[in-house]
Amino acid sequence: MTQDMLLTMVSGVPWTIALTAVALLIGVVLGIPLCAMRMSKLVVLRMVANTLILTLRAIPPIVWLFFIFFGLDTGFVSLNPFQAAAIGLGLITAANMAEIYRGAMSAIHSGQSEASMALGLSTYHRFFDVLGPQLFRVALPSAASYAIGLLKDSAIASTIGVHEIAFQASHVSQRTFRGLDVYAVAGLLYILLSLPIAWASRWADLHLRARVAR
Amino acid sequence: MNDLVDFWLEHLPAMLDGLLVSVQVTGVSLAIGVPLGLMLALAVQSRSKPMRGIAIVVVEVGRGAPALILLQFTYFGLPNAGLSLDSFASAVIALAWCTGAYTSEIIRAGLEAVPHGQKEAAEAIGLNHLDALRYVILPQALRVSVPALLGFSILMLQASSLCFAIALPELVSQAYLIGSTTFRYMPILVLAGLLYAAICIPATIAVSALERKLGAHA
Amino acid sequence: MSLNSSSIPQADVASRPPLLRLDAIGKTFGTHVVLEDIDLSLAAGEVVAIIGPSGSGKSTLLRCINQLEPPTTGRVTIGDTTIEAGHTPTRRELMALRRNIGMVFQSFNLFPHLTVLRNVSLAQERVMGRTREQADAVSMQLLARVGLADKAQQFPSRCSGGQQQRIAIARALALDPQIMLFDEPTSALDPELGLEVLAVMRELAEGGMTMIVVTHEMRFAENVSDRVIIMADGRIVEQGPSGTVMRNPQTERAQRFLHAVKDR
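Chains as they are written, first to last, in UniProt numbering: chain A, 1 to 214; chain B, 1 to 218; chain C, 1 to 264.
These aren't lab readings, by the way, just hints derived from the structure by calculation.
We put the CB at the ideal spot given by N, CA and C, even for glycine.
Don't take every hint at face value.
Said to hold, decoys possible - Covered stretches of chain B, as calculated for chain C (at least 3 residues, CB under 8 Å): (1) 30 to 37; (2) 112 to 121; (3) 137 to 148.
As the list claims (entries may be wrong) - Listing some non-contacts, in silico: residues in chain B with all C-beta distances to chain A over 12 Å: (4) Gly-27; (5) Ser-46; (6) Arg-63; (7) Leu-68; (8) Arg-134; (9) Arg-184.
To be verified - Below, computed lysine to aspartate or glutamate pairings styled on EDC-like, alpha-carbon distance capped at 20 Å: (10) B:Lys-49 with B:Glu-60; (11) B:Lys-119 with C:Glu-69; (12) B:Lys-49 with B:Glu-105; (13) B:Lys-119 with C:Asp-233; (14) A:Lys-41 with A:Glu-99; (15) C:Lys-262 with C:Glu-203; (16) C:Lys-262 with C:Glu-252; (17) A:Lys-41 with A:Glu-114; (18) B:Lys-119 with C:Glu-125.
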């Protein structure tokens, strides 16, 4: 492995991080209304949300990316590979985040909601002052492990030409006819990138837990 | 609309061939990967340090590296080490590795869910270590793990779509091929999506129903 | 093995050679001393009740006997098997020990994925090498003895706590042990359900089974056991014939404990 090869592969790192971050942001935000719909009292909203979540999760990410990149690109919309990948992975993330929020909601004792209603808190305060902070803490570990999964799924964007790590790896491998070390290094890069997320999540979890326990 | 249906019907046989390959590669990978996961779960808890070390590396790399990279590593990388495999065999190695790594964690959680008193009772009635594992601990651990293992199997069928990258003629490859010859990507990708959804949505619903049922029993 | 074989006369018991001997058993967890210098010998047919405040080491002592908890110091001898603390017993030694000792746990620990019958048969097949037919036949007899033959094909979760504990007794008896250990067998049960378990234990005792029972049931200790041992702070503070110890304890520590229990 020459320095040149290694540098080429490392040049994919910012793209991998950017794609993961943008998709995560889309998912974290869009997951909220999706979760709200999924837990709504209106049957229609619930069914729509449920169908969306099931569909987004049932079809493999690569199909979504191809669909958005090749399928939608029939004239009036034209997306570059990064945009297509960010939208595709972001939508899938939204579906998964909605389920994570819902799991966290049911983990928080219903007594908390009842207690704040009994105190006469408005829906707004009930959500943002009582439930929200607890929700964040409960959802954090699953959200973090989802983020690590997303980081790895972002490799799929190489198939539509986003210049991230996996793309650079196949580029280098095709040019040099070396696969063994190139893909081993690529795998290692992903593992290294996931470590800080795991550490941050563990730190935040301990930190928040200590604060709640006290 | 008629045009779309005709287009789908024309290409449905090729797409179903692709789906069959997807299901086959998933099935073989699971058949190898889940027993591997069981062995890894036991090896991670083993008293022997080298064994534990190897198991941890296999698990952490299998979970830490993207499945796509594992696939490319086995297909494009192993030939450098003198091991040339066809795309199906490469796919099975990579996906079984991935399956082993993830299911070892699922099974380990199942093992930990078995109360300590069960192991003590097995010891007290004189069962040796292997018999205690085989007749008392594992049946209970695996039962707890079943919903998670089934959920993971659904994810593996989806992950098999990545074999597109190593030229395995599975569902996505077929769709891509048809798309590139007819220039009608959108409808063929929709069909591919529908075929995945037709398997994965009912399966997901069934698994969560099973989960609820088992949860209600416990 | 029959419950109806004649009861052993009290005077006979002490003169028999010991079936089980503990010499200077000690157990520490880190710096915490749980058991200190316990000597105990048990003659065949003897029923010993161990009582004492919680945290006194009663259960740990029981678990040291069949090596679920390996003792830190001392020696356990049963028949011609001796296990010395400090060196890991061989598998053969452990098997010899455990085949001769049946144990009943506070929380039953039945195998929830096996039917009642399979719970009782499993060790007979795997440890004694009986065929399934032989094992099941013996299991049915044992289940009949504890009054639960009709539950054979049920799963443990379908049985009451008292029934589960009686099944656990049948499971422990299945290996034809020379000694039965009971670790607070009725503590997890409602009083009413505890009674049916105590009745089975009393029958076993009357049938000549050698038993060590860690218990909070003072009446059982007084009326069924031959000997009572009072433990406190990891030591035996008093022991002797059950009537004497329960009614007329000599040491201050034993008096204090029995007084506290009687107040309840």
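| request: Please confirm whether B:Ser-46 is truly not at the interface, meaning its C-beta sits more than 12 Å away from all C-beta atoms of chain A. | output: Given that every Cβ of chain A is farther than 12 Å from that of B:Ser-46, nearest at about 23 Å, it holds.
| task | Quickly compare the C-alpha distance for B:Lys-119 and C:Asp-233 to 20 Å and report which way the hint goes. | result | violated, 28 Å
| request: Count the residues of the region 137 to 148 of chain B whose CB lies closer than 8 Å to any CB of chain C, then report whether that count reaches three. | output: holds (count 3)
| Against chain A, does B:Arg-184 keep a CB gap of more than 12 Å to every residue? | B:Arg-184 is in fact no farther than 12 Å from some Cβ atom of chain A, at 9 Å.
| Proposed proximity, A:Glu-99 with A:Lys-41 (alpha carbon, max 20 Å) | holds, 17 Å
| task | For the pair supplied as a hint, B:Lys-49 and B:Glu-60, confirm whether the alpha-carbon distance does not exceed 20 Å. | result | Roughly 16 Å separates the two Cα atoms, so the pair holds.
| message | Can you confirm whether the C-alpha distance between B:Lys-49 and B:Glu-105 stays at or below 20 Å? | response | holds, 19 Å
| said: Please verify whether B:Lys-119 and C:Glu-125 have alpha carbons no more than 20 Å apart. | reply: holds, 18 Å
| request: Measuring Cβ to Cβ, find out whether B:Gly-27 lies farther than 12 Å from everything in chain A. | output: holds, 17 Å
| query | Looking at B:Arg-134 again, its CB stays over 12 Å from all of chain A? | reply | holds, 32 Å
| Is B:Arg-63 truly not at the interface, in the sense that its beta carbon sits beyond 12 Å from all beta carbons of chain A? | violated, 9 Å
| request: Given the hint that C:Lys-262 pairs with C:Glu-252, test it: the Cα-Cα distance must not exceed 20 Å. | output: It holds: about 15 Å lies between the C-alpha atoms, which stays within 20 Å.
This entry does not satisfy hints 1, 6, 7, 9, 13, 15, going by the numbered hints stated previously.
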